[in-house]
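> What follows is the residue order along each chain.
Number of protein chains: 4
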Amino acid sequence: MKLYPEGANRKKQLMLGKNVAIGDNKFLIIAGPCAVEGEEQLTEIAKFTSKTNNIVLRGGVYKPRTSPHDFQGMGLEGAKLLSRIGKQYDLPVITEITDSRQIEFLDQLVDIYQIGSRNMYNYDLLKEVGKTDKPVLLKRGMAATIKEWLLAASYIELNGNNKIILCERGIRTFETYTRNTLDLSAVVAIKNISHYPIVVDPSHATGRKEMIIPLAKAALIAGADGVMVEVHNDPKQALCDGQQSLNLDEYGKLVSELEFLTKIMKDYE
Amino acid sequence: MKLYPEGANRKKQLMLGKNVAIGDNKFLIIAGPCAVEGEEQLTEIAKFTSKTNNIVLRGGVYKPRTSPHDFQGMGLEGAKLLSRIGKQYDLPVITEITDSRQIEFLDQLVDIYQIGSRNMYNYDLLKEVGKTDKPVLLKRGMAATIKEWLLAASYIELNGNNKIILCERGIRTFETYTRNTLDLSAVVAIKNISHYPIVVDPSHATGRKEMIIPLAKAALIAGADGVMVEVHNDPKQALCDGQQSLNLDEYGKLVSELEFLTKIMKDYE
Amino acid sequence: MKLYPEGANRKKQLMLGKNVAIGDNKFLIIAGPCAVEGEEQLTEIAKFTSKTNNIVLRGGVYKPRTSPHDFQGMGLEGAKLLSRIGKQYDLPVITEITDSRQIEFLDQLVDIYQIGSRNMYNYDLLKEVGKTDKPVLLKRGMAATIKEWLLAASYIELNGNNKIILCERGIRTFETYTRNTLDLSAVVAIKNISHYPIVVDPSHATGRKEMIIPLAKAALIAGADGVMVEVHNDPKQALCDGQQSLNLDEYGKLVSELEFLTKIMKDYE
Amino acid sequence: MKLYPEGANRKKQLMLGKNVAIGDNKFLIIAGPCAVEGEEQLTEIAKFTSKTNNIVLRGGVYKPRTSPHDFQGMGLEGAKLLSRIGKQYDLPVITEITDSRQIEFLDQLVDIYQIGSRNMYNYDLLKEVGKTDKPVLLKRGMAATIKEWLLAASYIELNGNNKIILCERGIRTFETYTRNTLDLSAVVAIKNISHYPIVVDPSHATGRKEMIIPLAKAALIAGADGVMVEVHNDPKQALCDGQQSLNLDEYGKLVSELEFLTKIMKDYE
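Protein chains in written order, with this note's numbering: chain A, 357 to 625; chain B, 357 to 625; chain C, 357 to 625; chain D, 357 to 625.
Keep in mind that the hints were calculated from the coordinates and are not lab data. Wrong hints could be hidden among the right ones.
Where chains are identical, the list cannot tell them apart; a pair therefore holds if satisfied intra-copy or between any two copies.
[As the list claims (entries may be wrong)] Straight line, CA to CA, 25 Å or less: simulated BS3-like cross-link-like pairs of lysine-lysine:
hint : residue 1 : residue 2
1    : Lys592    : Lys483
2    : Lys374    : Lys436
3    : Lys619    : Lys609
4    : Lys403    : Lys487
5    : Lys483    : Lys609
6    : Lys622    : Lys609
Required output: the full structure, derived from the provided sequences and hints.
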């Protein structure tokens with residue numbers, strides 16, 4: 357008996373680092389701050405999250421912000437910091453790439469490229485990461501259909517790179533209570549019609565920290581292969597997205613509830 | 357430790373029939389055909405589903421169909437049939453009310469009134485069911501914000517009836533892969549900001565039977581107080597919504613997975 | 357040469373009152389307050405607007421408000437007032453009907469029934485106005501497709517009433533700058549694929565009075581058969597929708613610009 | 357008396373080529389094929405359209421197609437062809453730029469850069485065209501709010517380039533009859549709250565050629581500074597977007613109707 361949706365191809369595991377993988381019952385957690393802000397911040401978060409099983413450390417250094425007046429990220433310095441601290445705590449690291457010229461130096465510094473929602477239709481960028489051999493996490497565009505999203509993944513795969521992870525992060529609708537509308541049906545669809553692993557980002561989907569834990573668990577039960585969450589050591593002082601970031605205690609609670617559910621589901625099968 | 361979202365007020369139980377209730381850890385299943393089609397159909401479905409714990413039998417008799425050329429329901433004869441078979445199998449019954457003039461006879465025949473998505477803004481109808489003493493299941497309008505939905509519930513409550521169950525059934529978005537987009541964030545929001553129990557209808561939300569089981573389970577984990585699903589003894593011959601109806605075997609599978617999860621969560625607390 | 361979209365069937369004229377009609381180059385203006393508030397208010401508005409050619413006086417008396425705490429309309433007294441003042445100034449009158457039980461007395465008092473956006477899917481109400489012999493203005497539901505809207509019109513027509521006027525009033529989208537998003541493509545579609553006259557309501561579509569004049573003119577040029585606008589003698593004191601109501605001077609400006617364009621287009625043909 | 361929306365700042369004219377400008381009553385037409393396909397095609401279109409007043413020739417050479425299997429454009433060879441034929445017929449030319457590395461050679465070949473809908477949030481690309489001194493036409497993202505669109509323009513302007521033209525091309529909604537939903541309210545908003553000229557693209561907004569002429573005229577009346585339309589000498593054979601391209605005769609009809617309206621409005625003021 358299976359708690360996973362029927363028809364799901366979960367047999368393929370994608371290695372992301374030493375002992376870190378996604379797919380075939382390896383549930384992945386990607387956690388870290390919206391933006392890398394400095395050594396102290398990142399160290400504190402990395403130290404805490406490094407106790408989690410099967411985790412990737414996230415941290416934005418090139419931030420595509422709606423307003424040009426908002427904090428745009430630490431850039432190359434931030435990427436170097438992320439790389440160094442990831443190595444120190446033995447965590448694979450992921451950061452968003454926003455321009456193909458960044459590959460030249462990011463390739464030495466990060467383990468996974470993230471394509472953000474705003475760049476899902478940026479086919480030139482998709483082609484370029486498709487020429488690298490690093491895993492690519494492809495977020496769904498904020499108004500992209502499931503079909504368009506899978507075709508965007510094809511731009512990567514046709515250029516030679518099949519290490520693709522999809523990320524559902526909410527779609528834009530008329531509802532304003534949440535920042536976006538999390539589409540968990542898309543998780544079921546992706547598991548049924550594609551062979552890519554998929555993670556869910558409840559932080560960006562809702563913009564509300566009180567929704568992250570219940571929706572992360574719902575995502576797991578719906579069949580997601582992992583979650584991506586924003587975590588900050590001091591959310592109120594965060595330079596970006598503080599209102600949707602878990603603090604370290606809340607993060608600990610999230611992990612323990614997800615581990616409980618993962619264990620139950622394995623026993624159940 | 358709780359698997360339910362924090363801040364949820366689940367202490368209020370609403371009785372729906374002998375031994376049937378919703379709220380405060382009583383997880384409700386509402387199941388039955390889209391439309392009551394005849395005695396044989398309804399008997400077969402009622403007989404099978406009556407083995408489920410804490411269940412309400414659904415069946416539409418006044419069908420608000422997009423096209424006037426589609427089957428419009430059996431009307432009063434259907435309501436009588438639903439009532440009789442409900443009593444025979446000891447199941448409370450729910451049907452959709454589409455006009456306040458139906459109250460006169462439905463009041464003797466059904467246990468719960470359903471206000472459909474198309475009538476969520478029909479405030480005259482809301483006022484009239486608000487004057488009855490029967491529980492009302494209020495579906496979210498297909499483009500209604502959470503705030504508008506709660507204000508629609510106020511139209512019922514201000515007329516004297518506080519036996520309200522909300523039902524999330526998907527919202528209309530640009531995505532065409534699913535019939536609507538199920539908004540599980542709304543479940544978390546409702547549990548946080550209101551005192552109403554809420555059920556989730558994955559059948560109408562997705563229009564795809566293969567999505568019903570994973571999303572029903574995800575709804576439970578996100579904090580829903582129940583699910584509403586379309587079940588038919590012979591989905592291929594159904595006069596309405598066959599493509600999104602579970603057959604009896606699939607329904608059995610749904611129930612056993614939901615019961616497993618419910619039990620786990622109680623143990624966990 | 358035609359400034360109207362090709363393929364439009366504008367040859368059918370629907371009479372709405374003595375010397376008032378819509379279709380076949382008779383451009384209709386429907387104007388008046390969101391809600392009938394009292395004799396002085398309505399008299400002042402009727403007196404001013406009665407100088408307009410081919411006009412219908414609007415005024416809501418049963419107001420389907422999102423919140424039950426907002427002003428719900430004057431009801432029957434308002435309908436009587438609207439009827440009396442319409443007769444006094446020789447203006448056909450339109451009001452929204454929200455429940456079929458209102459037909460009994462509204463039938464003596466109004467010239468046109470309006471089905472509001474919230475009731476477009478209220479098929480029982482559509483059937484009932486379909487049994488009357490009065491023209492029906494059918495607003496598009498806030499999330500209704502063009503196809504669903506035309507099928508809603510069929511509910512009226514199949515019950516015997518083919519005096520139908522459609523009204524585009526904006527659809528619900530992600531954009532929050534305007535109250536809704538006016539869909540002028542729908543006007544072109546309706547003129548191409550149906551035989552119904554169509555009016556445009558820029559007041560509800562935008563919720564912003566500064567947009568009413570340019571969009572009313574654009575609607576005319578796109579092929580609409582009329583416009584419906586909210587006008588108030590004292591918008592700041594209006595009990596409903598003041599921010600989207602023209603005052604009398606602005607209304608005069610609107611009419612003179614629409615008349616200029618209508619004249620030009622006739623000369624051009 | 358003005359037919360233009362009040363509050364509009366139309367006093368600033370932006371020069372786009374010898375005798376070609378936009379703003380302050382200079383109504384611009386941008387016309388040409390979706391994609392440059394070859395010398396014969398482009399010559400025929402350029403020859404015909406070059407008789408139009410105040411026109412820019414468009415032609416895509418880097419095509420961001422949803423599917424990687426669709427025609428991706430002629431690339432640099434196409435850009436050279438567009439440049440040569442533009443010069444031959446004395447037409448300024450515009451093409452879409454999809455990657456900042458294209459600036460190096462496009463800068464010699466085109467007069468205006470187009471940022472497509474899919475790249476409106478590609479802030480790195482916006483910054484790079486902001487460093488050039490060429491006019492930039494910035495299409496609205498398919499799910500971008502008016503505010504986000506204006507902030508995207510700020511990314512260009514803050515990098516030193518204030519030669520910006522906005523282009524409304526329809527937004528993504530639930531409606532499927534049209535490819536997108538043209539938002540003419542956005543034209544009125546932009547004229548009221550910004551100083552940028554704005555053009556409207558009814559071809560992409562609707563995906564239906566029969567809607568182009570009525571909506572182009574409606575756009576003009578709503579206050580747009582120009583229109584952008586797809587024109588092909590043989591739409592049925594077009595490699596891209598044939599169903600929404602005008603043929604040369606239809607284009608001629610569009611231009612004559614727009615010129616008539618432009619003249620009337622000038623006389624009226």
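> Hints first: check each against the structure and report whether it holds.
Hint check results:
no.: 1; hint: Lys592 <-> Lys483; result: neither (38 Å within a copy, 30 Å between copies)
no.: 2; hint: Lys374 <-> Lys436; result: within (20 Å within a copy, 50 Å between copies)
no.: 3; hint: Lys619 <-> Lys609; result: both (16 Å within a copy, 21 Å between copies)
no.: 4; hint: Lys403 <-> Lys487; result: neither (33 Å within a copy, 41 Å between copies)
no.: 5; hint: Lys483 <-> Lys609; result: neither (39 Å within a copy, 41 Å between copies)
no.: 6; hint: Lys622 <-> Lys609; result: both (20 Å within a copy, 18 Å between copies)
When each numbered hint is compared with the structure, violations occur for hints 1, 4, 5.
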